[in-house]
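Visitor: Each chain, written out:
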Amino acid sequence: MEIFVQQLINGLTLGSIYGLIAIGYTMVFGIIGMVNFAHGDVFMVSAFIALICFLLVTTVMGITSIFLALAIVLVVAMVFTSLLNWAIERVAYRPLRGSFRLAPMISAIGMSIFLANFVQVTQGPRNKPIPPMVTDVIVLMDNGSYQVTLAWKQVIIMAITAILLAGFWYLVQKTSLGRAQRACEQDRKMAALLGINVDHTISLTFVIGAALAAVAGTLYLMYYGVANFADGFVPGVKAFTAAVLGGIGSLPGAVLGGLLIGLIETFWSAYFSIEYKDVAAFSILAITLIFMPQGLLGRPEVEKV
Amino acid sequence: MSDTLTATAPVATARTDAPMLQVRGVKTFYGNIMALRGVDVNVYKGEIVTLIGSNGAGKSTLMMTIFGQPRPREGTITFEGRDITNVPTHEIAHLKIAQSPEGRRIFPRMSVFENLQMGAAVDGFAHFDADLEKVFVLFPRLKERINQRGGTLSGGEQQMLAIGRALMSRPRLLMLDEPSLGLAPLVVRQIFDAIRELNRTEGLTVFLVEQNAFHALKLAHRGYVLVNGAITLSGEGRELLERPEVRAAYLEGGAH
Chain P
281 MEIFVQQLIN
291 GLTLGSIYGL
301 IAIGYTMVFG
311 IIGMVNFAHG
321 DVFMVSAFIA
331 LICFLLVTTV
341 MGITSIFLAL
351 AIVLVVAMVF
361 TSLLNWAIER
371 VAYRPLRGSF
381 RLAPMISAIG
391 MSIFLANFVQ
401 VTQGPRNKPI
411 PPMVTDVIVL
421 MDNGSYQVTL
431 AWKQVIIMAI
441 TAILLAGFWY
451 LVQKTSLGRA
461 QRACEQDRKM
471 AALLGINVDH
481 TISLTFVIGA
491 ALAAVAGTLY
501 LMYYGVANFA
511 DGFVPGVKAF
521 TAAVLGGIGS
531 LPGAVLGGLL
541 IGLIETFWSA
551 YFSIEYKDVA
561 AFSILAITLI
571 FMPQGLLGRP
581 EVEKV
Chain U
6 MSDTLTATAP
16 VATARTDAPM
26 LQVRGVKTFY
36 GNIMALRGVD
46 VNVYKGEIVT
56 LIGSNGAGKS
66 TLMMTIFGQP
76 RPREGTITFE
86 GRDITNVPTH
96 EIAHLKIAQS
106 PEGRRIFPRM
116 SVFENLQMGA
126 AVDGFAHFDA
136 DLEKVFVLFP
146 RLKERINQRG
156 GTLSGGEQQM
166 LAIGRALMSR
176 PRLLMLDEPS
186 LGLAPLVVRQ
196 IFDAIRELNR
206 TEGLTVFLVE
216 QNAFHALKLA
226 HRGYVLVNGA
236 ITLSGEGREL
246 LERPEVRAAY
256 LEGGAH
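Protein chains in written order, with the numbering used here: chain P, 281 to 585; chain U, 6 to 261.
Note that these hints are calculated values from the structure, not bench results. Just so it is clear, the structure is predicted and the values come from calculations on it, not from any experiment. Hints should not be assumed to be uniformly reliable.
Claimed, not checked - For lysine-lysine, the following DSS-like pairs were computed, each having C-alpha atoms within a straight-line distance of at most 25 Å:
#, chain 1, residue 1, chain 2, residue 2
1, P, K454, U, K148
2, U, K139, U, K32
3, U, K139, U, K101
4, P, K557, P, K408
5, U, K139, P, K454
6, U, K223, P, K469
7, P, K454, P, K469
8, U, K50, U, K139
9, U, K101, U, K50
10, U, K32, P, K469
Claimed, not checked - With beta-carbon atoms standing in for the labels, derived distance ranges:
#, chain 1, residue 1, chain 2, residue 2, range
11, P, G313, U, S159, 21 to 31 Å
12, P, F562, U, I38, 40 to 50 Å
13, P, R370, U, E107, 30 to 40 Å
14, U, E107, P, F562, 23 to 33 Å
We put the beta carbon where it would ideally sit given N, CA and C, even for glycine.
Extracted from the complex, chain U is given alone in its bound form (with noise of 0.2 Å):
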C-alpha cells in the first residue's frame, strides 16, 4: 500500500449524531500474531456500512470482536452510547446486535424450524409467527426445508437460514459475514435487494463484510477498506468503487 489513504467519508464528517456502533483504535490478537491492528469503524443509525478486504485480511475477527469473541486487547466498542467491550457475549446478542457470522454456524442437529427459533429467543418469541412469516417470504426455499436437519442443507440453503435467524431477532444491527458466499448469482441479488429493502422500509442498520467489493460497495452507503488488519480506505460506497486502488485489488475481472 504505497499511499495509504484515509480520509473520512463526507457523509461521515458530516454527522454530528453519534454512531450506533463505534470501533475505536481496536487490536485483537490470536496468540502473539496481531490479527487487527488498531481498527476504527463508524456504523451510524440506518446505514449499510461494508467492510471488503482479501482473504485473512481480518474482517470476521472484526466481526467476532464485537461481540467479545475473542476481546480486543486494547481499544473500545461501544453500541448505542455503551461500552461494550468487556460486555458478556450473550449480553452483547441482548442489545439486540445479529450475526450471521463466517462459516454460517447453524446447528446442524436441529431442523429449520429450531434454528429459526433460537434466533428468536433473544426477542422472546413476541413476533415469532410475523417474523417467520417474513424470513419465508425472502426465502421460500426455507419453508419447504422447514423439518429438515440444518446440517443436510445446502450450502446456499445454511446461507439463507443464517440470514433468516439472525432477522429473527428483530436486530437494531444486523452484522453480516459474507452473505454471498456459496451462493447463486440469482439468490446474491435477492438476498442483496432484501437488504437494501429492509435497510429503506424499517431502517434496519446493517454492517457487511464482503469479499465480493463489487455488489456490496453499490449496496452500501459507505465502505471500508481492509488491509493486513488496518483500514486503509474509507468513503461513501459509490465513491470507493470509483478509486483506482480498489479497482484494481478487488475488482479485477469486472462485476461478478
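So here's chain P without its partners, still in its complex pose (with noise of 0.2 Å):
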C-alpha cells in the first residue's frame, strides 16, 4: 500500500512533465497535421537554458530565495525557448507549407538532430548537474520500515502544471487569440476568410508550445539537477506517445495521456523492472495506434458537416 501511494505520486510528477510536453505535439499537429518530432530537443534545449540561467542568478546575482531563483529562471527559459521555437518554424517549416505533407516531417527530424548535436558540441556530451534545489520532503506514511514522502518540488511540479494549465486554458477557450488559433485549426482557408493572420496564429502555437516545453524543462531539471544532450529523445518520445494515447489534436487529451503514461511507467519501474520502462510506454504507443487509433479523448475521423 505505501509503495503504492508512493508510486503513485511520483507516476503523477512524472506525467505531469510529460503532459505539459504533450501539448506542443497536439497543437502542433492540430493546427498543421505534423508531427514535430524536434519539439523533445526543444524541451531539452530549454533544459540548458534553465541550467545556465540558474548558474547565472544564483552565483553572479546571488539570490538566494530559491522561489525567487526559480521564477526568474522559469521566465527565462520561457521567453528564449518561445524565441527558438518561432525561429525555427520559420526557417524549418514555413517555407516547406503547401509542400507534400512528409516534407515538414523530415526537415523536422533533421532539426532535432542539429538541436541535439549543437548542444553536444557546445555544452559537452556528459551530464550537467546543478546544486540541489528543494530537498524538504514532507512524511505522508510510516509503517516503521517505509515512509512514503512527497518531496517540495514534486508539490511545486504538480502546483505549476496545474497553474500553468488552468492559464493555458483560458487562453484556448476563452480569448480571442486562442479562438483564432482554433478556427485556424479547424479550416485554416475560412479562418483567413474571416480576417485572421493564419501565418501569425500557426507562430503563435509554436510560441506556446515552446513555453509549455520550457516549463516542463526547467521542472524537469529542478526534478533530476542534472541536463543531458541526449534527454530531449526519449522523453520527447514517451510525451508524444502521450499525446497519441490521450487523441492527437485534443488538449486535454494531451494532459490525461501524460498522467497515464508518468503512472504506467512509474509503476511498471517499481513493481515489474525498471530496465524495461521505456518498453512499458513505447507498447503504449503500439497498442494505442493499432486498436484504438483516435485515442481516449480524440475525435473519430468522421464529422457531420
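Starting from the two chains in their separate frames, assemble the complex, guided by the hints.
Guide: Written out as C-alpha cells, the structure is:
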C-alpha cells in the first residue's frame, strides 16, 4: 500500500512533465497536421537554458531565495525557448508549407538532430549537474520500514503544472487569440476569409508549445538535477506517446495521456522491471495505434458537416 | 452557346462612377485546367448583383478568387480603387469584404456564438451586441442554438449561421455563395427578403451567386450568366429573366 501511494505521487509528477510537453505535440499536429519531431529536443534545449540561467542567477547575481530564482529561471527559459521555436518554425517548416505532407516532418527530424548535436558540441556530452534546489520532503505515511514521502519539489511541479494548464485553458477557450487558434485548426481557409492571419497564428502555436515545454524543461532540471544533450529524445517520444494515447489534436487528451504515461512508467518500474520502463511506454504507443488510433479523448475521423 | 450576347447592361453603361468591385480579365487555373477564362464583372456600390450559372461553371471559383484563394493567373481585381489581386486573404477580409462561402464552412467544434464571434473579429467587436441582436432577429433559430456546436447544426441552420457570421463583420461588400442551398422555400424567401431589406435600408452592396436563378434575378439589380468559366450574358435582373436562353437553361420547370 505504501509503495503504491509513493509510486502514485512519483507517477503524477513525471506525468505532469510529460503532459506539458505533449501539449506542444498535439497543438502543432492539430493546426498543421505535422508531428514535430524536434519538440523533444526543444524541451531539452530549454532545460539547458534553465540550467545556464539558474547558475547565473545563483552565482553571478547572488540571489539566494530559491523561489525567486526559480521564478526568474522559468520566465527566462520560457522566453528564450519560445524565440527558438518561433525561429525554427520560420526557418525549417514555413517554407515547406504547401509542399508534400512528409516534407516538414523530415525537416523536423533534421532539426531534432541539429539541436541535439549543437548542444552536445557546445555543452559537452556528459551530464551537467546543478546543486539540489529544494530538498525538503513531507512524510505522509510511515510504517517503520517504509516511508511515503512527498517532496516539496514534487508539490512545486504539480502546482505549477496545474496553474499553467488553467491559464492555458483560459487562453485557448476564452480569448480571441485562442479562438483564432482553434479556427485555424478547424478550417484554415475560412479563418483567413474572416481576417485571421494564419501564419501568425501558426507561429503563435509554436510559441505557446515551446513555452510549455520550457516549463517542463525547467521542472525536469529541478527534479533530476541534471541536463544532458540526449534528454530530448526519450522524454520527447514519451510525450508524443502521451499525445497519441490521449488523442492527438485534443488538449485535455494530451494532459490525460501525459499523466497516464507517467503513472504507467512509474508503476512498471516499481512492480516489474526498471530496465524495461521505456518498453512499457512504447508498447502503449503501439497498442494505441493498433487498437485505438483516435486515442482516449480524440475525435473520430468522421464529422458531420 | 450559339449566340453569345455580351451586351452590357444599360445600368452599367449609364454609371460613370468607378465600380466598388471590379474583376478584369481574370483567368484562374486548377493545375492545368482553366476554371475561369477571362471573367469581367463589376459591382457598384449599393447594388445587388447576381451571378448565375450551372454546376461547375466556375461561380464559386470566382468568389474564392476574389479572396485570393486561389490567385488568378491573369487579370486584376480591384476593390474601392485598390488593386487586391495579390493582397493576402486576411487583409482582403479587413477591407470589409465578407463571404458566406460554398459549403458554408462553419467551424464544426465551435459553438454558434463562437462562430459569430469569429465573424465579428474584423470589426473589432465594436458593435458586437447590436449586431448579434440583428442577426438573431433575422434568424431566430440561431438564438435557440446559441451554445450548440456548429458541426451538429442542420444544413439549413449552418447556412443561416454562415450568413450571420458574414454579417457580423459589418461588411461593405457581402458575398453570398448559394445562400438558398439546402433551405426550405420559406426560409429562402426569408433570407432573400432580408438581403433586399439590408440593401434598401443600409445600402449594403451584395454579390450573390445562385443556382436558384429565378429568385436571384428577381432580387438583383443586375445579373451575369457564367457558362464554362466565361460570362456569356449580363444585364438587368428582370431583363435577364425575360431572355429565352436564360429561361431555357436555368428556369425550366418554372419558379421554384
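Visitor: If a hint holds in the structure, say so; if it does not, say that too.
Guide: Against the structure, the hints come out as follows:
1. Distance check on the hinted pair: K454 of chain P and K148 of chain U sit about 20 Å apart at the alpha-carbon level, within 25 Å; holds.
2. Of the pairs offered as hints, the one joining K139 of chain U and K32 of chain U is violated, with about 38 Å between alpha carbons and a cut-off of 25 Å exceeded.
3. Proximity of K139 of chain U to K101 of chain U is assessed by CA-CA distance (about 18 Å); at most 25 Å being required, the pair is judged to hold.
4. Pair hint K557 of chain P plus K408 of chain P holds up; C-alpha atoms about 23 Å apart against a cutoff of 25 Å.
5. Taken as a hint, the K139 of chain U and K454 of chain P pair is honoured in the structure, with Cα atoms around 24 Å apart against an allowance of 25 Å.
6. This hinted pair does not check out: K223 of chain U and K469 of chain P have alpha carbons roughly 32 Å apart, beyond 25 Å.
7. A hinted pair counts as satisfied when its Cα atoms are at most 25 Å apart, and K454 of chain P with K469 of chain P qualifies at roughly 22 Å.
8. Distance check on the hinted pair: K50 of chain U and K139 of chain U sit about 22 Å apart at the alpha-carbon level, within 25 Å; holds.
9. This hinted pair checks out: K101 of chain U and K50 of chain U have alpha carbons roughly 13 Å apart, not beyond 25 Å.
10. The straight-line distance between the Cα atoms of K32 of chain U and K469 of chain P is roughly 21 Å, inside the 25 Å bound, and the hint therefore holds.
11. Separation of G313 of chain P from S159 of chain U is about 29 Å and conforms to the stated range, judged on CB atoms against 21 to 31 Å.
12. Taking the beta carbon of each, F562 of chain P and I38 of chain U are about 46 Å apart, inside 40 to 50 Å as hinted.
13. The beta-carbon spacing between R370 of chain P and E107 of chain U, approximately 33 Å, falls within the hinted interval of 30 to 40 Å.
14. Roughly 44 Å separates the CB atoms of E107 of chain U and F562 of chain P, a value that falls outside the hinted 23 to 33 Å.
Hint check: violations occur at hints 2, 6, 14; the rest are consistent with the structure.
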